[in-house]
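Generate the whole structure from the sequences, applying the supplied hints.
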Amino acid sequence: MLLESKNIQYTHSGQKALIFPDININKGESILVLGKSGSGKTTLLNLLAGLLSPEKGTISLGGTNLSELKGQKLDLFRGKEIGIVFQKPHLLSALTVRENLELTHFFSKKKGQNLDKLLAELGLTAKAKSSVLTLSEGEAQRVSIARALANEPKLILADEPTSSLDDENAAKVVDLLKSQAAKIGAALVIVTHDHRVKSQIANFVEVESL
Amino acid sequence: MNLFKLSWKYLTFRPLSTGLNVLLLSLGLAIITVLLLIQDQFEKKMTQDAAGIDLVVGAKGSPLQLILAGVYHIDFPTGNIPMDEAKKLTRNRLVKSVIPLALGDNYQGFRIVGTNHDYLNLYGAEFSEGKIWEEPFEVVLGSDIAKKSGMKVGDSFEGSHGISVGSHEHEDHDYRVVGILSPKGNVVDRLVLTSIESVWYTHDEAETEEEAATESDSLASELPVAEAEEPEVHLDKFHSPVAKTGFPESDVTREVTTLLLQYRNPIAAVQLPRQINSGTSMQAASPSFEMSRLFELLGVGVSLLQGLAFVLIAISGLGIFIALYNSLKERKYDLAILRAIGASRIQLLFLIFLEGIMLTFLGAVLGILLGHTFLWVVISQNDQGVVSNLQAWIFLKEELWVLGYALGVGLLASIIPAWSAYQTSIAKQLTKV
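Protein chains in written order, with the working numbering: chain A, 1 to 210; chain B, 1 to 433.
A few of these clues could be false.
[Claimed, not checked] Residues of chain A placed beyond 10 angstroms of chain B at every Cβ, according to the derived structure:
#: 1; residue: ALA128
#: 2; residue: LEU135
#: 3; residue: ALA202
[To be verified] To spell it out: a stretch of chain B is covered by chain A in this simulated footprint if at least three of its residues, at any positions, have a beta carbon under 8 angstroms from a beta carbon of chain A; those stretches are:
#: 4; stretch: 127-139
#: 5; stretch: 328-340
The hints are simulated quantities; they were obtained by calculation from the structure and are not laboratory data. Note that the Cβ used here is the ideal one computed from N, Cα and C, for glycine as well.
Next up, the structure:
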């Protein structure tokens, strides 16, 4: 298995413990994490990304136990092996499109994908040198996907990537994520409450509401 | 992409805030730079110009004025002294040497100084062209005047009465340039040097004209003694050799303006000023004593300016802190994203420190350049004053301290914002939006 999470549990201060379903997926496979708002889906995504540490359970990515990595080692591992697509694009507005992608190579110290090719595949060549402030919502979303893919990570995590999109654009974004993940051989985890996505990714787990 | 580029991008993304902070800091540092440059050079130049002069003797009045006029040629003389009384000093056992100066005229604001050849030796003057004066109305130009006026050996000009520009011209006798001095970076660079006789004869003529105008219909025969001579004698006088050392000989009562004295021994420093001040109608002043008094007085102003500069720098440091802190609040999510794509806490800490340091580095460089430019403007606007000998484009090692100080301010102003960036919780920030 590329990604294995077992018996993960996490408690936000002053709240009940969240107990998450196990996730096991292989290289090139996709899985949906479904659940209502406030059910803890984003917490699960943060745990899988190593942004939070579980109180109980283990998360292993490509044989590396995330709990065993601390500080800079964990940051570097995340930069190299995990790509994250956030609900909103959240690009760095002081930079151009290409510079936003270059950052991933710099911080992870990984050569990663050829950025010009990646931008071309996502139809962003013409915008490469543009400020991200000039992008449309759809373009910004594609840049954020490109940023997650730039390092050819083992795992791609997407947090509600379709929540604000219409059916057509939601389908396009999921297709794009699936095809790019398959191309680089990464496992794809999409965290969403949007059941429309189920038509494109059959494999799913549900996070129970508290 | 690297941290420098990323910091620079963030700074240039807020041009107004960055520009204002840089400008504010640069103003404070410019003041410090100007003070450093002036302090360093002014004191050196003043000491250099007074080297070899133990005592200055002139008419009674302000001793500082006597020094400023007699040594640095930047103030009005206190008056003239009788040459007979002045000559007595050469026979004093405490005096090693005396150089007399006669002032009274200028050329386009540059002072015409009547003296002897010893004055040039005192300052180690060298000729770039021509030779020293031998006859009345022959002059040697300081390098600055030659450069600014474009005059060459063989050219002639009319001197103006008084020691500042704007007075009437002496049209009867043109001065003739016989030599031009090499630049030495001292007071001689901005003087027109000639014999004492030249100054006397110019004023003899002027007095004659004035008296002729006021007493034209009178039978009064009291012409100045010098003018009572026959025309042939008069002509000879203008072509006779002038005094090369000591005082010129004269049959009539004459005056000089200032005497530059050297002591024969250290006891003279104690006895001679007292002797002159109490036993003659003249006044003696020590350049070293008067200048240290002047520097003391100037020191108060310098301290005030320094205080103002430090206040400006402190305000700019506060401005940088506020700018970084506010921008950090807006950039919390950016920082979380950076962490999510692999940036470590230490890298975020450096990112913010770099921004503060780059801001202050820019301010320091601009401040130092502004300081030099300001001094350059002051010098070019005052080509005849004492500042005209200052150099605007020399860089002192103390300016590196200015740079270091500015970087220290940047570092200090960045500590809290950088620590705040270091502590950014990624998960917390990312789940906020």
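Hint by hint, here is what the structure shows:
For ALA128 of chain A, the condition that its CB be more than 10 angstroms from all CB atoms of chain B holds, with the nearest at approximately 14 angstroms. No beta-carbon of chain B comes within 10 angstroms of the beta-carbon of LEU135 of chain A; the shortest separation is about 16 angstroms. The Cβ of ALA202 of chain A sits about 28 angstroms from the closest Cβ of chain B, beyond the 10 angstroms cut-off, so the non-interface label holds. For the stretch 127-139 of chain B, the assignment as covered by chain A is violated, since 0 residues bring a beta-carbon within under 8 angstroms of that chain's beta-carbons and 3 are needed.
Remark: the stretch 328-340 of chain B is confirmed as covered by chain A, as 6 of its residues place a Cβ nearer than 8 angstroms to a Cβ of that chain, reaching the required three.
Of the numbered hints given earlier, the model fails hint 4 alone.
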